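Heads up: the protein sequence lines correspond to chains A and B, in order. 81 is the number that the working numbering gives to position 90 of the first sequence; each next residue is one higher, with no gaps. 310 is the number that the working numbering gives to position 319 of the second sequence; each next residue is one higher, with no gaps.
If you're looking for bench data, these hints aren't it; they were derived computationally from the structure. Heads up, a few of these hints could be off.
Here are some chain A residues the structure puts well away from chain B; computed CB gaps all over 12 Å [what the hints assert, rightly or not]: (1) 137; (2) 147; (3) 255.
Straight line, CA to CA, 30 Å or less: simulated BS3-like cross-link-like pairs of lysine-lysine [to be verified]: (4) A:258 to A:243; (5) A:319 to A:369; (6) B:301 to A:30; (7) B:197 to A:301; (8) A:218 to B:301; (9) B:243 to B:258; (10) A:218 to B:298; (11) B:197 to A:88; (12) A:218 to B:88.
Here are some chain B residues pointing at chain A (derived, C-beta under 8 Å) [claimed, not checked]: (13) 14; (14) 51; (15) 188; (16) 208; (17) 209; (18) 221; (19) 224; (20) 231; (21) 350.
On a predicted model such as this, the values are computed, not experimentally measured, just so you know. We put the beta carbon where it would ideally sit given N, CA and C, even for glycine.
Number of protein chains: 2
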Amino acid sequence: MRKSYLLTPGPTPLPPQVRAAMARPIIHHRTPQFQAVLKEVGEGLKYVFQTSGDVYILTSSGTGAMETAVINLLSPGDTALTVHGGKFGERWTELCKAYGITAEVINVEWGKAVDPQEIAKKLKANPKIKAVFTTLCETSTGVTNDIAAIADVVKKTDAVLVVDAISGLGAIDLKTDSWGVDVCVSGSQKGLMLPPGLAFISVSAKAWGLVNAAKSPRYYFDLRTAKKAWESTDTPFTPALTLVIALNEALKMMREDGLENIFIRHKKMADATRAAMKALGLELFAPTAASDVVTAVKVPAGLEGEKLVKTMRDKYGVVIAGGQAELKGKVFRIAHMGFIEEFDIIAGISCLEKVLSQMGYKFELGKGVKAAEEVFLK
Amino acid sequence: MRKSYLLTPGPTPLPPQVRAAMARPIIHHRTPQFQAVLKEVGEGLKYVFQTSGDVYILTSSGTGAMETAVINLLSPGDTALTVHGGKFGERWTELCKAYGITAEVINVEWGKAVDPQEIAKKLKANPKIKAVFTTLCETSTGVTNDIAAIADVVKKTDAVLVVDAISGLGAIDLKTDSWGVDVCVSGSQKGLMLPPGLAFISVSAKAWGLVNAAKSPRYYFDLRTAKKAWESTDTPFTPALTLVIALNEALKMMREDGLENIFIRHKKMADATRAAMKALGLELFAPTAASDVVTAVKVPAGLEGEKLVKTMRDKYGVVIAGGQAELKGKVFRIAHMGFIEEFDIIAGISCLEKVLSQMGYKFELGKGVKAAEEVFLK
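The following block holds chain A by itself, in its conformation from the complex (with noise of 0.2 Å):
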């Protein structure tokens, strides 16, 4: 009967209207009433990809967007540059791999961002690299990575630059086409405010001869496909329709909110949630690219990482997450991304500092919360 506090980098909390619009009575999506959909949500998703492009719509998880972008765009023998600095960033090296993709990789500390410099000096050191494959921001570590100067980079190249934005498009900036990112990937579960099972790819141009020219095989998510039914306001196969419908809702509410407020508001969240992490002692994972999404939080020595948030979910409904991979045990991870707003937070926050105190952990209660308030005041 507990009431539930979810704050999760994705998913991420669904708005009343978004609920409420999966629970009509579903419609067919071959008529004009489903067309009008697409039309709107196509529109919308332009204004938050910040492209005068087509975004697609495919019906998969982020993931699927991701292997759509290796697949439409390399073959294989193909050579590709890679940044390793959390689990995101090497899934697109796992990707590469299972299509016989060279990746030549960066690898960045954990908790870090890639310097741009490097990736200029690999495109440079090797003119055969075809695509640069990054992340916006990598929600393992709770970075940010710095995509306009990436771009500025890329673009003087005859590379491509494709922008994992699964986390964070909607929630921080990314000017797809004025910073000039070639292919931007993204999925339903977290800024856009949606339950998983819907991600979206955008296609600039340049990227668009890599995609007729590429040799890799695709059926499900190829983009030549999916560009010829968009023509006709269609999709190549049937989609998760009720998402597409809920899509258009979430993407109403992000129109009249506005991209620029959108941000402000994530921006305040992630700092406020900052100077409570302070304010308790705590240690952020990434204190020099810290992302206006997530924050990563080393768990104190002594205490069981695990155990804190499996207490504060399992006694108390607020939902945070853990540590991924190597990061196990050793950080946990607040979002303040999509539908999470100020006092959200501060219930996190507030759940935390309970839970940290019955571990032991030796502070003042109520001082992550008052920062909190104090960034949330001005």
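Following the hints, put chain B in place on chain A, whose structure we already have.
Same frame as chain A, now just chain B:
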């Protein structure tokens, strides 16, 4: 403001329990709460698939599960057998081609079922055929193939039998294990009474042998990854979890009804629909192998098929399907599958009578409905 009556062969209408489940606040997928759902869903899927093996859940359209079957069983250069006789049978061939697999094709006249002996002949003539790709119910023509007889043929060979049961599973009988279906794929938006967005796949021990040896490139749809994750009640990537939670509700309903009763209900609706069409002087498109999930009916000479479907939908809110591909304008299709029941069929037939009458087709008003009532009364 018009009420809508959905009688399309996917999506099919959603039960209120399913709609309510999707409107619940979202939960995180890596929690004991969601794992409990996954466990129940896993059992429910085994029941519906009539298999003791695991059924894997994919976040994709049904076509994603078809692609999963092709790329996990076969390698480039392999040979497969496919059966054309409608749009969905042809999709198997397109998938094989996309992945460099040779498809030997059996051409069946649209509206007819494949003769299992044709499959036996082909398998005998070419022992290199590693997989036979078939369709339970060819939604585009309203034909059901005799999968039991086909399985009898295939199981005597080294080839595996793959059945596209996207349309039909959970509505008409398909005994995966006892018939000897090696790989069965399905989707959420037909007999399972959910929105589109999830797909499913079962894999026999014989098929696992091929999966482990197959050399087609794969990542998102890699069954080896799905199996590994499922062993710890997980999915490899963030699943469309609101749909999984809704699926649990649908599967509970199906277990309460019992498969036998569900099959009887579908057969009765199909019989009633077919009787009504005959009573109206209309001709079935597939009289010899008519499916119990969707009835395809020839548009009477002199009438515009697309106008008939549009008028029913846009003027009266009764949504049936037109013809696909080469059948465009030549047939209309009435679904009797999933959460469609007796009086929905009556409503659909009544609306059909109304529009046929308005379009100048000569028949005795009420005769179709009466014929259906007679079947239902039995």
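Here is what the structure says about each hint:
1. For residue 137 of chain A, the requirement that its beta carbon stay farther than 12 Å from each beta carbon of chain B is met, with the minimum near 26 Å.
2. At roughly 31 Å, the least C-beta separation between residue 147 of chain A and chain B is larger than 12 Å, which holds for a residue marked as non-interface.
3. Once the 12 Å rule is applied to beta carbons, residue 255 of chain A is consistent with being away from chain B; the minimum gap is 25 Å.
4. A distance of roughly 21 Å separates the Cα atoms of residue 258 of chain A and residue 243 of chain A; the hinted pair therefore holds under the 30 Å criterion.
5. As the CA atoms of residue 319 of chain A and residue 369 of chain A are separated by approximately 35 Å, the hinted pair breaks the 30 Å bound.
6. A threshold of 30 Å between alpha carbons decides the hint, and for residue 301 of chain B with residue 30 of chain A the separation of about 20 Å falls inside it, so the pair holds.
7. With a C-alpha separation of about 41 Å, the suggested pairing of residue 197 of chain B with residue 301 of chain A is violated against the 30 Å cut-off.
8. Distance hint between residue 218 of chain A and residue 301 of chain B is fulfilled; the C-alpha atoms sit about 26 Å from each other, no more than 30 Å.
9. Distance hint between residue 243 of chain B and residue 258 of chain B is fulfilled; the C-alpha atoms sit about 21 Å from each other, no more than 30 Å.
10. For the hint pairing residue 218 of chain A with residue 298 of chain B, the CA-to-CA distance comes to about 28 Å; that is within 30 Å, so the pair holds.
11. Pair hint residue 197 of chain B plus residue 88 of chain A holds up; C-alpha atoms about 28 Å apart against a cutoff of 30 Å.
12. For the suggested pair residue 218 of chain A and residue 88 of chain B, the alpha carbons sit about 20 Å apart, so the restraint of at most 30 Å is met.
13. Taken as an interface hint, residue 14 of chain B checks out: its beta carbon lies about 4 Å from the nearest beta carbon of chain A, inside 8 Å.
14. Because the closest C-beta pair between residue 51 of chain B and chain A is about 5 Å apart, less than 8 Å, the hint holds.
15. Checking residue 188 of chain B against chain A: minimum C-beta separation of about 3 Å stays under 8 Å; hint holds.
16. Look at residue 208 of chain B: its Cβ gets to within about 5 Å of chain A, closer than 8 Å, so that hint holds up.
17. The beta carbon of residue 209 of chain B comes within 6 Å of a beta carbon in chain A, closer than 8 Å, and the hint placing it at the interface holds.
18. Against a cut-off of 8 Å between C-beta atoms, the interface hint on residue 221 of chain B is violated, since the closest Cβ of chain A lies about 15 Å away.
19. For residue 224 of chain B, the interface hint is violated, since its Cβ never comes within 8 Å of a Cβ in chain A; the closest pair sits about 17 Å apart.
20. At about 3 Å, the closest approach between the beta carbon of residue 231 of chain B and any beta carbon in chain A falls short of 8 Å, and the interface hint on this residue holds.
21. The interface hint given for residue 350 of chain B is violated, since its Cβ lies 20 Å from the closest Cβ of chain A, which is over the 8 Å cut-off.
Against the hints set out earlier in the document, violations occur for numbers 5, 7, 18, 19 and 21.
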